[in-house]
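Visitor: Residue strings, one per chain:
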Amino acid sequence: MVFRIALIGTGAVGRGILEAMSRKELGLVLTGVADSRSGMISPEGISPSSLLERKKKTGLCGETGISADDVVKKAPYDVLVEVSPTDASTGEPATGYIRTALSRKCHVVTSNKGPVALHYHELKQEADKAGVLFRFEATVAGAIPILHTLHESLGGNEVRALYGVLNGTCNYILTRMAEEGLSYKQALDEARALGYAEADPTYDVKGIDAAIKLVILANTVWNRRISLDDIDITGIDLLTEEAIRLAEEQDATIRLIGEIIPEKNLFRLSPRIIPRHHPLVVHGSLNAIILRTDLAGDLVFSGKGAGSLETASAVLGDILSIRDRYAGGN
Amino acid sequence: MQVSMKLEIRDTPGQLVAALMPISDVGGNIKTVIHEHDFSSDKGSLGVEVVIEIPKERLSALLNLFKERGITVIRFGEERMHYQQSVILIGHLIHTNLGDTVDRIDKTGFAEVTKMSLAMPAIQERSSAKCTIKALSREHMDKAIEILRDVSKQKEILMIEPLEF
Chain A
489 MVFRIALIGT
499 GAVGRGILEA
509 MSRKELGLVL
519 TGVADSRSGM
529 ISPEGISPSS
539 LLERKKKTGL
549 CGETGISADD
559 VVKKAPYDVL
569 VEVSPTDAST
579 GEPATGYIRT
589 ALSRKCHVVT
599 SNKGPVALHY
609 HELKQEADKA
619 GVLFRFEATV
629 AGAIPILHTL
639 HESLGGNEVR
649 ALYGVLNGTC
659 NYILTRMAEE
669 GLSYKQALDE
679 ARALGYAEAD
689 PTYDVKGIDA
699 AIKLVILANT
709 VWNRRISLDD
719 IDITGIDLLT
729 EEAIRLAEEQ
739 DATIRLIGEI
749 IPEKNLFRLS
759 PRIIPRHHPL
769 VVHGSLNAII
779 LRTDLAGDLV
789 FSGKGAGSLE
799 TASAVLGDIL
809 SIRDRYAGGN
Chain B
164 MQVSMKLEIR
174 DTPGQLVAAL
184 MPISDVGGNI
194 KTVIHEHDFS
204 SDKGSLGVEV
214 VIEIPKERLS
224 ALLNLFKERG
234 ITVIRFGEER
244 MHYQQSVILI
254 GHLIHTNLGD
264 TVDRIDKTGF
274 AEVTKMSLAM
284 PAIQERSSAK
294 CTIKALSREH
304 MDKAIEILRD
314 VSKQKEILMI
324 EPLEF
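Keeping their order, the protein sequence lines are chains A and B. Position 86 (the first sequence) corresponds to 574 in this note's numbering; numbering is contiguous. Position 40 (the second sequence) corresponds to 203 in this note's numbering; numbering is contiguous.
Treat the hints as calculated values from the structure; they're not laboratory data. Where hints are given, some of them may not hold.
[To be verified] With beta-carbon atoms standing in for the labels, derived distance ranges:
id : chain 1 : residue 1 : chain 2 : residue 2 : range
1  : A       : Gly795    : B       : Glu327    : 27 to 33 Å
2  : A       : Glu736    : B       : Ser187    : 44 to 50 Å
3  : A       : Lys544    : B       : Phe328    : 45 to 51 Å
All C-beta atoms in this analysis are idealised placements derived from N, C-alpha and C, irrespective of residue type, glycine included.
Construct the entire structure; sequences and hints are all you get.
Guide: Structure follows, in structure tokens:
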């Protein structure tokens with residue numbers, strides 16, 4: 489049986505999904521696609537590879553007369569795959585698309601942090617009411633299946649603490665400062681040159697991106713109702729190379745660590761002194777997470793926190809698990 | 164002078180007060196008392212760690228009083244700060260009175276800054292310092308770190324804490 493998806497967003501994540509779909513037989517049919525300027529609806533299915541080609545050549549994924557709104561409202565699909573860029577302050581237009589899809593009783597999978605961080609509880613309620621699923625594995629730690637693990641695999645556990653390296657850009661900068669003796673500014677410039685950091689790196693280096701992930705974890709795993717204002721946030725932008733040298737004197741280094749200890753109501757993101765061989769000390773743009781649980785003990789995860797195919801992997805995992813649950817598997 | 168001692172008292176009501184009385188009797192000032200509930204002894208006794216401020220010449224009078232009242236002094240004046248942590252401070256540390264920053268910890272009586280490495284790259288630029296703090300217990304360490312966190316906030320210093328598991 490066919491399982492139909494509509495894709496909103498053809499940036500890095502969207503391209504990764506299309507690439508995976510064209511490379512592999514995933515049993516998914518793409519019936520709608522839209523970017524910020526164009527769209528396409530085709531109930532018979534759109535070829536992911538020719539779509540990638542067209543986007544590369546023309547910069548558009550479809551016709552300019554068709555908007556993302558049209559695709560969300562009119563295309564026939566089972567799952568809306570919303571992978572447009574995050575707007576952390578309003579969550580729009582993604583939240584509107586998600587609401588529309590849910591009202592059409594369609595499942596939603598997103599990699600967009602805005603809607604989940606700002607409106608998780610309402611969206612979850614709307615999904616429950618419609619009898620569909622709302623999944624967002626890709627919003628936290630990219631390819632690492634941390635939400636699935638927390639929501640499903642560790643079901644019988646009490647998760648007492650979570651510690652995580654949740655921003656690859658910051659981790660890259662701190663790694664380079666430690667390993668190459670670069671200053672903060674030099675490491676940031678290098679991260680920019682390599683495309684790890686945006687032209688305006690504020691969102692990453694001031695800790696906002698990682699803190700949003702803590703909000704998502706707190707609200708979806710521990711059922712809190714917190715926002716960015718409830719996280720104690722310190723970024724890495726005021727770190728000095730001397731501080732890293734001082735940490736090294738005691739065989740330690742500095743990493744930006746997100747910390748959730750539900751029992752203490754502690755939600756914090758800050759640079760921390762950490763032993764150099766600690767499992768959270770991962771290199772380059774990697775992410776890492778440690779969970780402290782009552783039954784399973786300590787669990788360590790590490791992997792790519794961003795990247796086109798890596799994030800697509802998390803999105804596809806969500807889509808296929810919905811398909812297997814609702815379509816009886818292929 | 165400031166001294167620390169560990170006393171052994173009987174595990175019966177009123178014994179803690181009885182043990183602390185002689186200190187004020189000789190004009191000593193009690194700075195901290197840690198009552199060790201998990202002190203294991205077959206004799207039904209408890210350990211109490213005290214830090215006191217006392218004029219040097221009255222110390223022997225105090226020890227005599229303890230003896231008279233059947234209170235055993237297990238340890239006296241040794242290294243008492245068992246818990247150690249290092250934090251890194253970044254900011255205009257000298258201009259925001261580093262002496263005062265350190266003093267805020269030292270004057271608690273339950274924690275002190277025992278070591279400091281300072282790196283000052285250039286005039287006008289922010290300096291970085293690693294402070295090693297020792298404290299009587301984990302709880303006291305947490306309190307000391309909290310004080311330092313407040314001071315850092317006031318003085319616009321970035322404090323980097325260790326990740327404690």
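Visitor: Now, for every hint given, state plainly whether the structure supports it.
Guide: Here is what the structure says about each hint:
As the Cβ distance of Gly795 of chain A to Glu327 of chain B is approximately 32 Å, the hint placing it in 27 to 33 Å holds. A hinted range of 44 to 50 Å holds for the C-beta pair Glu736 of chain A and Ser187 of chain B, which are about 48 Å apart. Separation of Lys544 of chain A from Phe328 of chain B is about 48 Å and conforms to the stated range, judged on CB atoms against 45 to 51 Å.
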